[in-house]
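K.L.:
So the protein lines, in turn, are chains A and B. So the first sequence is residues 1 to 65, counted in the numbering used here. So the second sequence is residues 66 to 454, counted in the numbering used here.
Bear in mind the hints are in silico, worked out from the structure with no lab data behind them. Keep in mind it's a predicted model, so treat the numbers as computed, not measured. Wrong hints could be hidden among the right ones.
Listed next, the stretches of chain A that the computed footprint assigns to chain B, with coverage defined by at least 3 CB atoms under 8 Å from CB atoms of chain B [claimed, not checked]:
| # | segment |
| --- | --- |
| 1 | 13-20 |
| 2 | 26-38 |
| 3 | 56-65 |
Just so it is clear, CB atoms sit at the ideal spot from N, CA and C, and this is done for glycine as well.
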Amino acid sequence: MKVLLDQDKCVASGQCVVAAEAVFDQRDEDGVALLLTDEPPDDQAGDVKQAAAVCPARAIRYTTD
Amino acid sequence: MARDARCPFDPPPPLHDLQQQAPLTRVRIWDGTEHWLVTRYEEQRELLADPRLSSDVHRAGYPRTAAASGTTRVGFILMDDPEHARLRRLVTAPFMIRRIRAMRPAVQRIVDELIDALLAGPKPVDLVEAFALPVPSLVICDLLGVPYADHDFFQANSKNLIRVSIPAQQRGEAVRNLHDYLAALLLKKAGQPGDDVLTRLARDVENGELTADDAAGIGVLLLVAGHETTANMIALGTLALLENPHQLDLLRNSDDPAMVSAAVEELLRYLNITHNGRRRVALEDIRIGETLIRAGEGVICPTDIGNRDPRAFDHPDDLDLGRDARHHTAFGFGVHQCLGQPLARMELQVVYSTLYRRIPTLRLATGVEDLPFKHDGAVYGVYELPVTW
Ligand code: SF4
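Chain A extracted, bound-state conformation (with noise of 0.2 Å):
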């Protein structure tokens, strides 16, 4: 699976964060979301989707192959 965030489009909600941990976390400054890996194994691809549903403002994408 890959990841992609728009970091220009976040909001800062957090909800990524709380979707899936070990793959975002936020900016010290302004809470905008990291990315702490862009290629999650296998076991955290759930989360990773939750995520990007939850994302108000749709800035998380991911692929699967």
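Let chain A serve as the given structure and place chain B with the ligand on it in line with the hints.
P.N.:
Just chain B with the ligand, lined up with the frame of chain A:
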């Protein structure tokens, strides 16, 4: 639109009928203007996340609530990007998940102390006054750096601010009172800085990133949003649980944080206390399904009915704390989604996992039919909740 008195937790029945008919319908609102009413979940999410819809209340065609008459700016909710994003980003940091987690022990202490006081005091007692309002008030005052001693003043004013049934002039006054109060406090912060949000805003004003007026407006928004909403979720959520004792048992008998967090999401979905609908106006023509929304037309998305859409949630009218309701839109959706949601979630998790355990015999001291519900507010709830144990 009126709710059915027999189902105080459910959205108005006409919304339900409209949802069955079509995802979007034309409606006429209080001032005689016509707009699109969006009643289904998927269409609401799609439209609320669409940058071609504007939140700017001053644009022609915007579906005004009776309340949207103020001349004073209240934070950044009724604005568009990039200005909205710039102002919002100035205050996002304190609401980061990590920082909110660090606040949890302090919130637990506040909740425990208020329950101690409840147990030591007379009964029956109004849970709104004695518990539901003080919890978020104490927390948001602390976060913003507002002296709690002033809480009577801002509680009275913020109550008026969100009441739709009082004259617009009185609401305008409430906004101005809060605005002036915060403007004065911001000036003080510049001289006596603390580790709080207002100090940070005062610094942004000094650096020229923010006008003093905008800073006070953001303060009003955070203060009001930070206590009315959570207070209503605490009181109305408690009522919903007392009316659903099997669900309440689940919460009382579990110490699994995942269960508590799922319960909070379900209560947010089920009660969806912001019941005026999210409002927008189209900047361009937008095609959604078979419908064409034309530039300049207004769009209203009541998320309360969206969160009861059977296409998105099985048996949506049941309160089911065990379901996965995380995709609800009770905090809105799109770039305007509630900034304080991590704080609200944490407060509710602490409250719901503490109150019913510590007072296991908690019950209503009056009939549900006698409770005064907030049909006239932008935020739904109960004005009073007499309880005993
Ligand atoms: S959920 Fe979306 S908007 Fe919220 S912090 Fe994550 S990327 Fe940003």
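K.L.:
For every hint, state whether the structure bears it out.
P.N.:
Each hint, compared with the structure:
1. 13-20: holds (count 6)
2. 26-38: holds (count 6)
3. 56-65: Held - the segment 56-65 of chain A has 3 residues with a Cβ nearer than 8 Å to chain B, which meets the minimum of three.
Figure legend: structure checked against the earlier numbered hints; every hint is met.
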